[in-house]
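Let's have the full structure, built from the sequences with the hints guiding it.
4 protein chains.
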Amino acid sequence: MAELDGVLRELAAEMAERTDRGAVASYIPQLGTIDAGKFGIAVALADGQVLSAGDADEAFSIQSVSKVFTLTLALGKIGDALWKRVGREPSGNPFNSIVQLEMEHGIPRNPFINAGAIVVSDVLLAGHQPREAIGEILRFIQFLADDDSVFIDREVAASERATGFRNMALANYMRSFGNLHHEAELALGVYFHHCAIAMTCRQLAQAARFLAFDGRNPLTGHSVVSTQRARRINALMLTCGHYDGSGDFAFRVGIPGKSGVGGGIIGIVPGVASLAVWSPGLNENGNSKLGSIALEKLARTMNWSVFAS
Amino acid sequence: MAELDGVLRELAAEMAERTDRGAVASYIPQLGTIDAGKFGIAVALADGQVLSAGDADEAFSIQSVSKVFTLTLALGKIGDALWKRVGREPSGNPFNSIVQLEMEHGIPRNPFINAGAIVVSDVLLAGHQPREAIGEILRFIQFLADDDSVFIDREVAASERATGFRNMALANYMRSFGNLHHEAELALGVYFHHCAIAMTCRQLAQAARFLAFDGRNPLTGHSVVSTQRARRINALMLTCGHYDGSGDFAFRVGIPGKSGVGGGIIGIVPGVASLAVWSPGLNENGNSKLGSIALEKLARTMNWSVFAS
Amino acid sequence: MAELDGVLRELAAEMAERTDRGAVASYIPQLGTIDAGKFGIAVALADGQVLSAGDADEAFSIQSVSKVFTLTLALGKIGDALWKRVGREPSGNPFNSIVQLEMEHGIPRNPFINAGAIVVSDVLLAGHQPREAIGEILRFIQFLADDDSVFIDREVAASERATGFRNMALANYMRSFGNLHHEAELALGVYFHHCAIAMTCRQLAQAARFLAFDGRNPLTGHSVVSTQRARRINALMLTCGHYDGSGDFAFRVGIPGKSGVGGGIIGIVPGVASLAVWSPGLNENGNSKLGSIALEKLARTMNWSVFAS
Amino acid sequence: MAELDGVLRELAAEMAERTDRGAVASYIPQLGTIDAGKFGIAVALADGQVLSAGDADEAFSIQSVSKVFTLTLALGKIGDALWKRVGREPSGNPFNSIVQLEMEHGIPRNPFINAGAIVVSDVLLAGHQPREAIGEILRFIQFLADDDSVFIDREVAASERATGFRNMALANYMRSFGNLHHEAELALGVYFHHCAIAMTCRQLAQAARFLAFDGRNPLTGHSVVSTQRARRINALMLTCGHYDGSGDFAFRVGIPGKSGVGGGIIGIVPGVASLAVWSPGLNENGNSKLGSIALEKLARTMNWSVFAS
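As given, the protein sequences belong to chains A, B, C and D, one line each in that order. For what it's worth, my numbering labels the leading residue of the first sequence as 10, then goes sequentially. For what it's worth, my numbering labels the leading residue of the second sequence as 10, then goes sequentially. For what it's worth, my numbering labels the leading residue of the third sequence as 10, then goes sequentially. For what it's worth, my numbering labels the leading residue of the fourth sequence as 10, then goes sequentially.
Hints listed in this document are in silico derivations from the structure and should not be mistaken for laboratory results. Note that the coordinates shown come from a computational prediction; the quantities given were computed from them, not determined experimentally. Idealized CB from N, CA, C, for every residue including glycine. Among the hints, a few may not be true.
What the hints assert, rightly or not - Once the Cα atoms are required to be at most 27 Å apart in a straight line, the calculated BS3-like pairs of lysine-lysine come out as:
#1 Lys306(B) with Lys86(A)
#2 Lys306(C) with Lys93(D)
#3 Lys306(B) with Lys47(B)
#4 Lys93(C) with Lys306(D)
Said to hold, decoys possible - So, partial list: chain C residues that the calculated Cβ filter (under 10 Å) puts toward chain D:
#5 Gln109
#6 Asn119
#7 Ser255
#8 Val315
Below, the structure is given as C-alpha cells:
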C-alpha cells in the first residue's frame, strides 16, 4: 500500500493549495469559526491499516454523517418496520424538506434527510430517556471506531437546539401526522446530540469499515450487521447520501457516500476500503467541495467504482 | 454456467405460477392487449453466451429502456455539453413531471424521465430530419444487439403520438424556456419512435452488454464508449432508472437498471453480465412487477450486487 | 324590519329540517361533541337592533372568526408595517399551509390563514406577556360586542395547544425565516386563546357591525377604525375569508365574510347590516355548510350583494 | 359630471408626468414596441355619457381583458356546466400555471388564468370552426361597445401563436386530462385571436357597462345577462381579476377589475359606472402599473368602493 500512501499525500498537498474551497456552514457560530483551510483524508483497509494524510487526526463535527450510524442502530432495533415510517427514495428536490412531507403525509423520503433522521432518533428513543439514547449512539460509534475518545461537542448540540427552528417545524409537522411518537423536543434532543459528535477522519474511516466488508470487521470476522443490511445501507448512501447532489456524486465518484455540513464525507469501496475526507467549505448542494473533488480524484486514480467491471 | 441456466429456468417457472402480476399499461391500445402472463429473462455473459428462459425470444415494446441507448448516442454526439440541458439527479417526486420543470426553469432532472429523454431526442435531431435520427437510433441498437431484426412498431409509435398530450405539454413547456431547439412535433416524432422499438429479452441483454464491461464488447475488445462513460451511465441507471422507485430498486436489487412501461427491465452486473427481463404487469411505480421481483431473486441467488465486498 | 324578522325565522326553520349538515370538526374533543343540529343566525342593523332566529343566543367557539378582530387590533398597533410580514393575497391552494411558506420564504399569504394569524398574534405580543395580550384581545371583542360576558373557553385553548403540532410547525418554520419575533410557544399561546373565544351569533353580529358602517358605530358615530381600514378589512374578507372556498363564497353570496371551524361565519353588508350565522357541520373546504347556504339564501332574498347596482 | 370630468383630466395630467411607469410586455415584438408614455382613461355612466382623458381613443391590445367577454359568452352558451371544467378560486400562487393544473388534475383554478380561458375558448368552439367562434366573439364585443370598428390585430395573433409554447403546453396538459375537447391548436387559435382584439379605453368602458348595472344596458333596459350572472362575473373579477395581485387590487382599489398584459384594465362600480384605463408599463404582477395607481386614486377621490357603507 505504499502506492496508496503516496496518492493520499499528493492529494492532500494538491488540495492544500486550492483556493476555491467553498463556504463554511455558518448557521451556528461553532461551525462558522472552523478554518476553511483544513483538509484531511483517511482510508481504512481490510488488513486493519488506516492510511491518512493532511489533517486526518483533527476532530470535526460529523453532523449528517452520523445518520449512517443511527440508521444502522435503528435497523438493529426494529428492523424493516422502520420502512413504514421512512421511505427509501432520493428526495430529488431542491424544495424538498417540508413540501414533500406535506405531499407524502408526514413520511420522509429517506433516512438521510433531516426529517427522516429525526424519525430514526424517535425510534432510538423508544423505552429510553434521551440521555440513554444519546449514550447508546455514542458508545456504538466508539465501538465501531475502536476509540473511546470519540465525543459529543455539547456546545454545538446546545447551539443547534437554540436555533433549530426548521427542524422543530419538521418534527412538529410529522407529529401532526402521527409519525413522531415522542415529544418533538425529545426526538430533537437525540438528533442534535448525534449530529454534534466530533470525530477525526481516521476514526470515521475506521467506524465505517464494516460497510465495505459485507457488514463484518474484516480482521476479526465479527459481524456488525448482516450482509444484506450492509449492502442496503450502501445502496441508500449511493442514492440519497448527498442531498440533492446524490446523483452527481454517484456520477462523478461512483461509490456510496454520506456527507455532513461540517465538511466530512465517508465513502465505501466494497471489498476494498472505507474512506473519510474532511474539508469544511461546502458546494452549492451543501456537500464538502474539496472533499467531493478529492474523492473523485482518488477514485479515478485507484480505479475504484462500484460500476467497474 | 450450468448453474445459472438452472436458476433462470426455476425462476421462469416460479414466475409463471404467480398470480399477482400487476396491471398492464393501457394508455395506448397496443400495449393494453399484451398477455399479462408473459415472462422472459435473458443473461448475456462475457464469453458471448446468452442464457435465457421463458418468453425470452418474444419481441415486446421496450419503451423507456430505449432511453439508455439514446442517451449513449447523444453523449457520443455532444459529450458533456448535454449536461447543460439535462440534470443528473433523481426526480424523487411523485408529482414530478411538469412541476419540477417549472421549478427548475425547463431543465429536466435527468435523461430518463420523459422530459429529459425528449431533450435527448432533440439533441439527436440536430442536423437531421426526424426520419434520419430515428434510423440512426435503430441502427445503433441493431449493432449493439448484433441483430438486424430489431424493428420499430410503427403502430405503437403512431398511437403514442395521437394520445401523447402530456408529452406534447412537456415539450412545449421546455421550448418556452428555450430548452428545445426543434419544433415540439419533430422532437416528439423521434421520441415516440424510439420508445416504440420492439426487442426480445435476448436482444436487449445483448445490446446492454457493453455497460457491464466498462464500455467494451468483452469478446472483441471493441469499445462502444469510454470506461468512464460506461460507469457514469450505470450510475445514472442506479440513481434514476426506475422513476420514483429507483431508490427501492437499488435497495432491493443492488444493480443498475432501467425499466420501461412495456414491462421490460435491463440490469447490469459490472464485470459479470447484462440482464433483460420482461413481464408486462406493472407495480405502483410503473415498473414491471414480476420483473423487479425476478431480478431481486436472481441477484440474491447469484450474489450479484454492486455493493458486495 | 318585520320582513327581515320573518325571513330569518323561515330560514332557521328551513335549516332545522335539513339533514345534509356536513361534518362537525373533530380535531379536538371539545369541538367534536357539539350538536350538529344547532343553527343560529343574527343580523345587526344600523339602528341598533339585532334580529335573530334559531340558536342565536348560544355561545360557540368562534375559532378563525376571531382573526378579523386580532387583525383589526394589530393594524391599530403597527399600521401598514404589518404588510411587510403578511401578504394580502388569497392562498388559493388546497396544499397551502407549509408549502407556500417555503415558496415565499416564511411570509404567509394573508392574515386569515393560520400562519398569517400566528404572525398577527406575534405582533400583539410585542411589549406584553401572553396573558396581557390575550386580555387585550378579549376586552376589545367585549367592547365591540358591548357585552362583558364574552369569554375564553380555556378547555378548548388547552386542548388546541396539546394537539396543535401543525401550528407549532408553522410557527417554528416562520421563526426559521425570522418572521416570528417571540418564542413559538408564546405566539401560539395567544393564538390558541383567541381562537377559543366563545360567542353567540348575537354577540358576533354586534361585534362586526363597525365593518358595515365604514369603521364606525352607526348609532354613536364612534370610530373604531378609519373608513379606509374598514373597507380594506372587508376586501380581505372577500378575497381570503373562507380558505380555499373564498372565491366560491364571493361568487355565491357576494358579501365579505369570515368563517371558523367552529361553524360560525360573519358577513358584512356595507351600509346595511352585519350578520352572524352558526351551524357546526362543515363543508369540504372547512366552512359551515348550512351557514354558507343560509347566507346565500338570505343575501338573495334581501338582494344583498356588494356587486349589486 | 363636470366634477368627474375634471378629476379624469387631472389624473391624466398627473400620470403623464410620472416616470415610474413599469416595463412594457415584450414577449412578442408587437407589444414591446408600444410607447410606454401612453395613458388613457374612460368612464361610462348610466346616462350613456362616456367621459375620458388622455389617450382614451387610441386602440391597444386588450389581451386578458377579453376573458371577461369570452366568459360571458361561454356562460350564455352552456351556463353553470362551465364550472365542471373550470374553478372559481383565486390561483393564489406565483408558481401557478402548470403546477396547479397537475395538483388539480387538469381543472384550471378560474376562467381568468390562461389555462381557464383556454377551456372557455374550447367551449366556444363547440359546433363551430375556429373562424366562426372568433367571429362570434368579435361581434359580441362590437355589440357591447356599440362600435363596429373594434378589430382583431392579426399580426399580434399570429405572433402569439408562433411563440406561445407555454400556452401550447397548458392546452396539451389539459387535453391529457380530457379537459380540452378540441385539438390544442384549434382552442389556442380562438384564444390567441380574442387576446389580440384591439380597443380604445372608450370602447372598453362602454363594452363593460352592463356589468355595472346588474347585467342591463342602463339606457335601454336591454338585458345582456341576468342580474345574478352579472354580479357573479363581478365577484370573479374581484377575487381573480389581477393574477397574483388580485388581493392587493381589491385591498387598494376596492372594485371588481380585470387586467391585461397590454396595459389595459377595466373596473366596475356597481350602480354607478364602468371604467377602462390604459398604460402599457406593467408592475411585478403583470398588471398595468400606472393603470392600477390611477384607479386607486380615482376610486378614493370619488369614494367608489364596493365595501363602502
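Pair hint Lys306(C) and Lys93(D), alpha-carbon separation not exceeding 27 Å: holds, 22 Å
Given hint Lys47(B) paired with Lys306(B) - CA-CA distance at most 27 Å: Holds, because 18 Å separates the two Cα atoms, which is no more than 27 Å.
Status of the hint placing Ser255(C) at chain D (closest C-beta pair under 10 Å): holds, 7 Å
Minimum beta-carbon distance criterion (10 Å), Asn119(C) to chain D: Since chain D brings a Cβ to about 7 Å from Asn119(C), closer than 10 Å, the hint holds.
Minimum beta-carbon distance criterion (10 Å), Gln109(C) to chain D: This interface hint holds because 7 Å falls under the 10 Å limit.
Pairwise hint evaluation, Lys306(D) against Lys93(C), where the allowed Cα distance is 27 Å at most: Distance ~22 Å between Lys93(C) and Lys306(D) Cα, so the pair holds.
Restraint check for Lys306(B) with Lys86(A), where alpha carbons must lie at most 27 Å apart: Roughly 26 Å between the alpha carbons, so the hint for Lys306(B) and Lys86(A) holds.
Interface hint for Val315(C), Cβ within 10 Å of any Cβ on chain D: Val315(C) check passes; min Cβ-Cβ to chain D is 4 Å, inside 10 Å.
Violated hints are absent here; each numbered hint is respected by the structure.
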